[in-house]
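There are 4 protein chains.
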Amino acid sequence: MSFLPESQTTHISTHTNEDIFIRDKSLCHDLIGKLNFTEMLFFQILGRVPSKAEAAVVDACLVTLMEHGLTPSALASRLVYSSATEAMQGAVAAGLLSVGSLFVGTMEGAAALIEQILAAENRQAEALKIAEAHKAARLPLPGFGHHMHKPDDPRSIRLFEVAAEQGVAGAHIDAIQKLSAAIDQTYGKHITINATGAIAAALGDCGVPAEIMRGFAIITRAAGLVGHIHEEQHKPAMRAIWEAADGAVPYESGPGKD
Amino acid sequence: MSFLPESQTTHISTHTNEDIFIRDKSLCHDLIGKLNFTEMLFFQILGRVPSKAEAAVVDACLVTLMEHGLTPSALASRLVYSSATEAMQGAVAAGLLSVGSLFVGTMEGAAALIEQILAAENRQAEALKIAEAHKAARLPLPGFGHHMHKPDDPRSIRLFEVAAEQGVAGAHIDAIQKLSAAIDQTYGKHITINATGAIAAALGDCGVPAEIMRGFAIITRAAGLVGHIHEEQHKPAMRAIWEAADGAVPYESGPGKD
Amino acid sequence: MSFLPESQTTHISTHTNEDIFIRDKSLCHDLIGKLNFTEMLFFQILGRVPSKAEAAVVDACLVTLMEHGLTPSALASRLVYSSATEAMQGAVAAGLLSVGSLFVGTMEGAAALIEQILAAENRQAEALKIAEAHKAARLPLPGFGHHMHKPDDPRSIRLFEVAAEQGVAGAHIDAIQKLSAAIDQTYGKHITINATGAIAAALGDCGVPAEIMRGFAIITRAAGLVGHIHEEQHKPAMRAIWEAADGAVPYESGPGKD
Amino acid sequence: MSFLPESQTTHISTHTNEDIFIRDKSLCHDLIGKLNFTEMLFFQILGRVPSKAEAAVVDACLVTLMEHGLTPSALASRLVYSSATEAMQGAVAAGLLSVGSLFVGTMEGAAALIEQILAAENRQAEALKIAEAHKAARLPLPGFGHHMHKPDDPRSIRLFEVAAEQGVAGAHIDAIQKLSAAIDQTYGKHITINATGAIAAALGDCGVPAEIMRGFAIITRAAGLVGHIHEEQHKPAMRAIWEAADGAVPYESGPGKD
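Residue numbers (my numbering), protein chains in the order written: chain D, 1 to 258; chain E, 1001 to 1258; chain C, 2001 to 2258; chain G, 3001 to 3258.
In short, the hints are calculated from the structure, not lab data.
Incorrect hints may appear among the rest.
What the hints assert, rightly or not - Far from chain D, by Cβ distances over 12 Å, these chain C residues were calculated:
1) His2068
2) Lys2135
3) Gly2167
What the hints assert, rightly or not - Some but not every residue of chain E turned toward chain C, in silico, with C-beta under 8 Å:
4) Gly1100
5) Leu1102
6) His1149
What the hints assert, rightly or not - So the derived list for chain G, only partly shown, Cβ under 10 Å to chain C, looks like this:
7) Gly3069
8) Thr3071
9) Ser3073
10) Val3080
11) Glu3086
12) Gly3100
13) Ser3101
14) Ala3136
15) Arg3138
16) Leu3139
17) Ala3237
18) Ala3245
19) Gly3247
20) Ala3248
Beta carbons: idealized from backbone N, C-alpha and C, even for Gly.
Looking at chain D on its own, in the form it has when it is part of the complex (with noise of 0.2 Å):
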């Protein structure tokens, strides 16, 4: 992992009258017409520019958490916007508020017990203990299991394919191959690596640390958000949505009713 934190300048960027540096490189000979988004953002949180095979796996991660429906971050960002359109950058913070612990918990939870395996010198061993001691404790497994999507869940198998062609595939992805298997064994059944738990050991490969998983959670969720409001600009929800909710929430008491 070449990846050095320690490395990084306190002021990410710098600048001249004629161009501007970010970090060590020219923005306008060195990275603007030259990456794409993904490697720019990358290169800005990680100090280095991915490999193309890794930013390919990242594309994969990032396409895979952008947009879930109308979950309480797009009805955040809607009921938002509606109320003040004027500033759209509330309505996305509003819905970026939601990305806690209900939401990308598991993904570090996952990258938590990679992390585990990966520093154990017997890693089979350290799996099937971790599958052990969560089974015991009847322990919910981050990054495993998915009311729906059974036996596996769909995007899973996609990222690690995707890994796998593009030669990115590693210790991490190996880590939670491990611990699953350990998992199918201790509880005797087959519980699908979610999606989470996928992009956990995916990202992982890419250099990404488990600390700072969350930041990429939250760019693409950016950007579905922005999607949700542009659709609220032309097909406004946030009456009906008001309406529903108005609804489904009885109200128990008081002279107000009577």
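For this one, chain D is given, so just place chains E, C and G on it according to the hints.
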């Protein structure tokens, strides 16, 4: 009006080992146990302690604005809270981001009309001019009208009563009542002063400038949202809101539903 | 404590043509002009009107927490406000997003220790056990110690005075004082109960559960931030903050400065 | 331009047991591993997959806008992150709330002028009319001028090069260049098209409507802010920013400093 923004200190507070000072007062000797929350927030924002009468009118305005049911603002807070219970501040922030043009724009618009009337030599004539200009241009009248509360918004009546009882009703309430008479005359029917119009006038008579009125709405909405979050802690409505919203916005096309 | 969260209505408010009802009270007849802001926010959040004495103690806590100078929270609000003056709510939201573990974590931590003591059969023994466990593990003591206010935080002394004067001081304040004695004994020196510890105890004796205490901090910080925004409207500090921050974080490398 | 907002589905996505569908495409078969992040976000927002040439121009715009050093936006994110590391989404949200009129207003203003020119029968005459009206009223020219980059903003030159190389330069870039010539003629000196002006034109030629351009700035700023947060994780600057800001804004009065 004794409010002098130019006399504000640049740092609102400073401290020594023995005490903290906010503007020119000792936190421990002059403020804690001496001012109530309303007096303190008025002092913090405007640099002077309000009279008891002014504080009572500000209280009435803050009480009026705190809670409006399952509005977009409350919905956004509940959705975000249940997605990230570890960060309650994010849920309040998300709800506050809705306090934009749609919900407080009319209060600010009414305050602007009041200030226009107060700046005129002949206030009655100015009020008539405003009413006629709005009618001619078919513009909405900020601070006037309510789809449900007819003939009059009961909150406005109550707010004007409180201001009169407290001896605070002054030029601003007089101006909006002149405007109200001019509107009834011009439109040939009675259009109520609504709660946002009454609050704009009442806060104006307490010395709150239009430029910071939105801040008062934000503070009391923050309290309203904390109430919704505490209810969400005990009776979570997020799933019901999510499902109701999802059902209310029909999917139109695509192979997924075929 | 008569607080029963399970008796809360699911919709906090409802309305008819003539009035609005919040929980079981008429906004126009029972609340506007009858409750002050503190009583109303307590009623909104906890479902019961506080006694005058409880309201006075809550006031003292809210006054204590409102303003702390140019903290990260105030800086974030000022920076955002001057970048987007059209959306004051975004500036307040940005500042509130700072009200996380670093600034209110100790209040919640202190409240948890108080609840642990109150749940024990022998409270004095429990306090000693907590003190010894923290010393042995070299853990920080939430609600205790202050880098500057020695020997005692003057705000805590004042808050306990107010609670005593109002007759509200009860089991929670007693518990933190038991813990304080146990800490002094265990550590062999006096460590002050700081303001966050005192507030955790005082709010506890008013019937505010630990789970929603952060909400009270958020509400009063919102008021503090509106004060900073109003100052920013008249004496903008954004450029000075920006330049000072830029100068304080040296750029380390890259060709841009060669 | 084949973009038809009215043909957008109301739900952007739906799903079956075997797959997820976004608009009319299968996430697993058509999107993951097929589209890169830029193509996907364009598809999400605008409902069509961009051409490779368009995607390259959008990439160039996103790369240009991502990072600008320790701006108010980056400062707000760092301050909030270090105050609440448990909620990275709050830190990104706080920084994004700065993406308002001051920072992206000129891009939207330039886009509006471009659309005005494109709607005119005689575009050259319209450009001249705009230049003359702005000079007469001493209005700022959105998208033109830079305090440092003279005679020309190197980013604009590079963006136009990329658009030309990709064969995407069309009516929007032509319009801003007509406006540039008219401005130079009217003002009697060369005023550069700055980066925000060039981006408004380049995104316009890719089919991005002015109403959603701010969304593109928000997405790439989110990535920029995640970079600052990752740096803050390893080289925290919050204390330095706080102290520098505190020192830069002098306290003016009050007994606390006597």
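Right, here's what the structure says about each hint:
In this structure His2068 of chain C is separated from chain D by more than 12 Å, as the shortest Cβ-Cβ distance comes to about 23 Å. Every beta carbon of chain D lies more than 12 Å from that of Lys2135 of chain C, the smallest distance being close to 30 Å; the non-interface claim holds. Remark: the non-interface label on Gly2167 of chain C is consistent with the geometry, its nearest Cβ contact in chain D lying 32 Å away (cut-off 12 Å). Hint on Gly1100 of chain E holds. Least Cβ distance to chain C is approximately 6 Å, under the 8 Å limit.
Of the supplied interface hints, the one on Leu1102 of chain E is violated, with its beta-carbon coming no nearer than about 11 Å to a beta-carbon of chain C, more than 8 Å. With a least beta-carbon distance of about 7 Å to chain C, the hint placing His1149 of chain E at the interface is held under the 8 Å criterion. Given the 10 Å rule on beta carbons, the hint for Gly3069 of chain G holds: about 7 Å separates it from the nearest Cβ of chain C. Checking Thr3071 of chain G against chain C by beta carbon gives a least distance of about 7 Å; that is within 10 Å, so the hint holds.
Hint status for Ser3073 of chain G relative to chain C: holds, with the closest Cβ pair at about 7 Å, below 10 Å. Residue-level restraint check for Val3080 of chain G holds (minimum Cβ-Cβ distance to chain C is 5 Å; threshold 10 Å). The closest approach between the C-beta of Glu3086 of chain G and any C-beta of chain C is roughly 5 Å, which is under the 10 Å cut-off, so the hint is satisfied. Checking Gly3100 of chain G against chain C: minimum C-beta separation of about 2 Å stays under 10 Å; hint holds.
Annotation: Ser3101 of chain G was flagged as interfacial toward chain C, and the flag holds, the nearest CB pair being 5 Å apart, inside 10 Å. For Ala3136 of chain G, the shortest C-beta to C-beta distance to chain C is roughly 26 Å, which exceeds 10 Å, and the interface hint is violated. Of the supplied interface hints, the one on Arg3138 of chain G is violated, with its beta-carbon coming no nearer than about 21 Å to a beta-carbon of chain C, more than 10 Å. Against a cut-off of 10 Å between C-beta atoms, the interface hint on Leu3139 of chain G is violated, since the closest Cβ of chain C lies about 18 Å away.
Annotation: Ala3237 of chain G was flagged as interfacial toward chain C, and the flag holds, the nearest CB pair being 5 Å apart, inside 10 Å. Taking 10 Å as the C-beta contact cut-off toward chain C, the hint placing Ala3245 of chain G at the interface holds, the least distance being around 4 Å. Here the hint on Gly3247 of chain G is kept, as its CB sits about 7 Å from the closest CB of chain C, short of 10 Å. For Ala3248 of chain G, the suggested interface contact is upheld, since its CB lies about 4 Å from the closest CB of chain C, less than 10 Å.
Consistency note: the structure conflicts with the earlier hints numbered 5, 14, 15, 16.
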